[in-house]
Amino acid sequence: MTPDQARAVLQEAIAHVVPGADLSGLAADADLRDAFELDSLDFVEVVEQLSGIVGFRIEDHEAESLRTVDSAARFLSARAPAR
Amino acid sequence: MPSLGADMTEGTLLEWLVKPGDPVHRGDIVAVVDTTKSAVEVECFDDGVVESLVVEPGTKVPVGTVLATLEGPDGAPAEPAEDTGPAAAAAPTAAASPPPPPSHPHHLHHGGGPGRISPLARRLADELGVDLATVHGTGLHGVIRAEDVRAAAEAHPAAEAQPASPPAVGHDAQARALDMRHSIAALMTRSNTEIPHYHLTLTVDLHRTLEWIRERNVGLTMSERLVPAAALMRATALAATEVPELNGHWVDDAFRPSEHVDLGLILSLRTGGLLVPRIGAAEGLGAVAMMARVRDLTRRARGGRLRGSDLEPPSLTVSNLGDQGVESVAGVIYPPQVALVGFGAVSERPWAVDGMLGVRPLVTVTLAADHRATDGAIGSRFLKALDRALQDPASTMEQTEQQQKEQ
Amino acid sequence: MTSTTADPTTGAGASGSATADPLAMLREMLLIRRFEEKCVELYSATKIRGFLHLCIGEEATAVGVLGALGPQDAVVSTYREHGHALARGVPPAEVMAELYGRATGCSRGRGGSMHLFDASRRFFGGNAIVGGGLPVAVGLALADAMRDRPVVTAVIFGDGAFAEGELHESANLAALWHLPVLFCCENNRYAMGTALAREHANTDLASRAAGYGMTAKTVDGMDVEAVRAATEEAVAAIRRGEGPVFLELRTYRFRAHSMYDSDRYRDKAEVAQFKENDPITGLTDRLVADGRLAPGDVERLEAEVAAEVEAAVTAAEAGPWEPVADLTRFVTTRPEDAGLGGPVRVDPGAEEGGAP
Amino acid sequence: MTTTLRDPTERATRETTFREALREAHREAMRRDERVFLMGEDVARYGGCFAVSLGLAEEFGEERVRDTPLSESGFTGAGIGAALGGLRPIVEIMTVNFSLLALDQILDNAATLRHMSGGQLSVPLVIRMTTGAGRQLAAQHSHSLEAYYAHIPGLTVISPATLEDARGMLWPALEDPDPVVLFEHGSLYNLAGELPVDPDPVDITSAAVRRSGTDVTLIGYGGTVPRALDAADLLARRGIDAEVVDLRVLRPLDDATILESVARTHRAVVVDEGWRSVGIAAEVSARIAEGALYELDAPVERVCGVEVPLPYPKHLEDAAVPQVDDVVAAARRAVGDDA
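Protein chains in written order, with the working numbering: chain P, 146 to 228; chain C, 857 to 1263; chain U, 90 to 445; chain W, 118 to 456.
I should point out that these hints are in silico values taken from the structure, not numbers from a laboratory. Among the hints, erroneous ones may be present.
[Stated by the list, open to error] Selected chain P positions facing chain C (Cβ under 7 Å, derived; list incomplete):
1) L186
2) E193
3) Q194
4) R202
Even for Gly, the Cβ is constructed at its ideal location relative to N, Cα and C.
Just chain P, with the same shape it has in the complex (with noise of 0.2 Å):
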């Protein structure tokens, strides 16, 4: 997955829990959950979309990684390499 396929995903995945976010604009360290307010729950649940996107399971500290734009490029695109 190159990172701006891992891009597409982490946008679709966040737009499911947050109708209408826009990860284009976004610097690349924010922090997601500020940029788009979510709490545990919603970050749970971008987790849960994620995973069903790209088809595995990602773990409690695997989710840490998903903090930013860049690290959850950089996540998706080591754990996912080709799709």
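Given the coordinates of chain P, work out where chains C, U and W should sit on it, guided by the hints.
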């Protein structure tokens, strides 16, 4: 039109999910209704076949209006419609037949009670832009009268600043947000006016609970996975069972304990405002079940698909605002409840353990309680119970066998 | 007080009438008869609705009584009053229009067959409560008596009304106060379908009226000349201040009580027998016999009367309906009851309550 | 010659009673208009069952103050005929219960002749009758049947409750070209007070506010007006400011006065000695619901006669008709005073 909350007086039918001829069963979702608070799914309380849809989508009607009629399952006698609302669940037969002729018709209209509003009060509320759902009735048996509306209008002059209150087109998002703002304003004003609050704070070490969650999550699917909030709510429900003096309602100058712990969960909406749907009989839910309910509720609340039963009055409310990073939440009680539990952020802080300074994940729990109903000693007992539950997650967080049986 | 009985079989009353024109009376009776027969036809054609009580067979009482009254006198009648109204001079076109329910009717169409009124002719209805007109007649006479007016109020009612309390209250009041009331009881032997002997313990109505202390007579109501003569005599006595008079006019209705009935309550033979004593043929025969009626006179009268009835029908057909917007007019004189026509003004100085 | 200047606002008054005021009204009417006469049972030599016409026969003669036989239908109908004949009769019927014997005449003739004749006839008749309980006259002399008459198109129905109206209503009733039924509540005949020697004319078209108030409107007529006023006094001690509306005219009802008052006070208590079902109070309540629903801050209260033929014993009779305490209780319910 079901009453989707004790203070609801009218609603706008948004959408029918059934059509004439459709068979329906008790518990089916048959329509979506807009209250001033949110879009709510209307459940059917009888089995039968939809005979006719009486109210058109987009129509605002008072609570009690027949929305649709059902034929009995055998197609024979026209049986009650789904206008009977949650009350019908408790007393379906009463809802199904006309009320018996009162022996004293003279007094029939003094039955009063929540939701009764004088015509003048209704008119004034419209003129002054007051949301009647938030007005406390002081007439006989709680009837809302003109002076109650005037008092409410004075209590939140912001509403008065909009004298030409826009027609409450319920499904108009802006109008709804404004309505909701008014509701919250009036309710919180009422709370602070009526309820002598006291606040008690306790900081709790969560390291055992978080450890337990981490381990538990390994065995759970993605969609079952726990967050700390589920454990905090589980602990709250257990504490409320242990200290029932905080679980219930203050009505007519007396505390009425609730049979179950109906846990209200404050959800802030992205469009602004709050919803407080509840998790009924939460004392019977282990952390995993609690999590599933929280997740379902949150999802439906944000999707505008709450049900009538979600909006029945809680017996105790939890605010988990700490999720957003604040350290402590000293809340305002939702009348007629007598307590609210606020959780601050779970954060790693220095903590003395066995004479040594360590770093532990801590949460600050703040109990807001109604001094009319309880004194600080009881509040203190509640916080202690909550703490105990969080220190021994292995034995407290799972459903007991008894609870499993009851499920 | 006295009660005298004329023998119905002997024809004209002994006294005769000084002023009556028998030809005019014959014409009047013919007009009523043909008018009523036309009503049967129009009712069957649904032009006329509601109850319709015809006086075929009873024309002599109408013509005999009303012909003896002056224009200043008052008349209070019953629901079988087409003949009375016509004999009082209410134009046939106005009566017919009333039966049609048209605004050109004598009660603006609001009354119908049972409620014919003509205030200008002091014809006070058209009362369909049996006996209900009797106290009103007493009051009209009381007003005349209190104002010393030489006026007679004739109240016409049937043998059925004699069983009503209002008859007895009114007879007593009129006699007690010595009022100028002429009680004209058209005894046609049936109160609707109940025969006289089945409704009265004592069927001699005149003698019972006499018991109230007034002059009472029985008259052959099938003989118009006898009725006319008896009425003239009674009216004269009343005008002389001798108090009320009661005339029992023995008559018979040839047709049903209302438009149609099964006639189960009387023998066909009885009806046939009374038809032998038809007041119109009776008078015609007498007039022909004594040369007062020339050959061709009857045909001429019939043609005139037929034309008059046809003209009445034509006029009624052409009459306008009262607009529904005027529905509540004439309830009171209050503006809200006066309808579109605006408040009905009443001249406080009017001599009578009637004709505002 | 000296002239004494008098304050023009100062009016000569005299002590009188409801009964005397009615009598004075008859006297004035018969003096003003020779067409006016009174008839009824025992109005002349006896002086009237309730002594309203006492002395009038001596003054005006037995032609114009005319005793009748006990023939309610007969003499009421005669009144109708006399009105048709150009007179202005006043018919007195002893009690409203007896008037039922004349109901045919009142309904089928007096109220109906104008319409049935297409506007040709006018019945300028006044029928007076006594109504109401309070004198232990039991079940055939005590009822309040005003609603029977107020139901009938073609009639005007009036009900004096004050000395002014007892004195003033008869003349405009006689001037009315249509029949007027005037109800005299039996408990009012002895009502005493001051009346101007030269009283002002009154109308027979409007209701009157007898006491102004802001919290609740007490609506009564005839015999219930003094009770409503007494109730208002008691309510004032509780801090409840009651307005009292005297209907005065039961047909046609003066909707405007009723509705305007309710719009001021937002609460209404209708007091009616008549039976609760299908009565005057029911009609007034319905009109408030039709015309002032959105002014109401509480359900309309009715204080009515209990649905029972009136019993003879005092305690039962009292229990059967609205009392001051009943009115107070209803008003307190209306304002939510449950202390």
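Comparing the hints with the structure gives:
At a threshold of 7 Å, the smallest CB-CB gap from P:L186 to chain C is about 5 Å, leaving the interface hint in force. Using the Cβ-Cβ criterion of 7 Å, the hint placing P:E193 at the interface with chain C is satisfied: the shortest such distance is roughly 5 Å. Checking P:Q194 against chain C by beta carbon gives a least distance of about 9 Å; that is not within 7 Å, so the hint is violated. Annotation: interface hint on P:R202 holds; nearest CB of chain C at approximately 6 Å, less than 7 Å.
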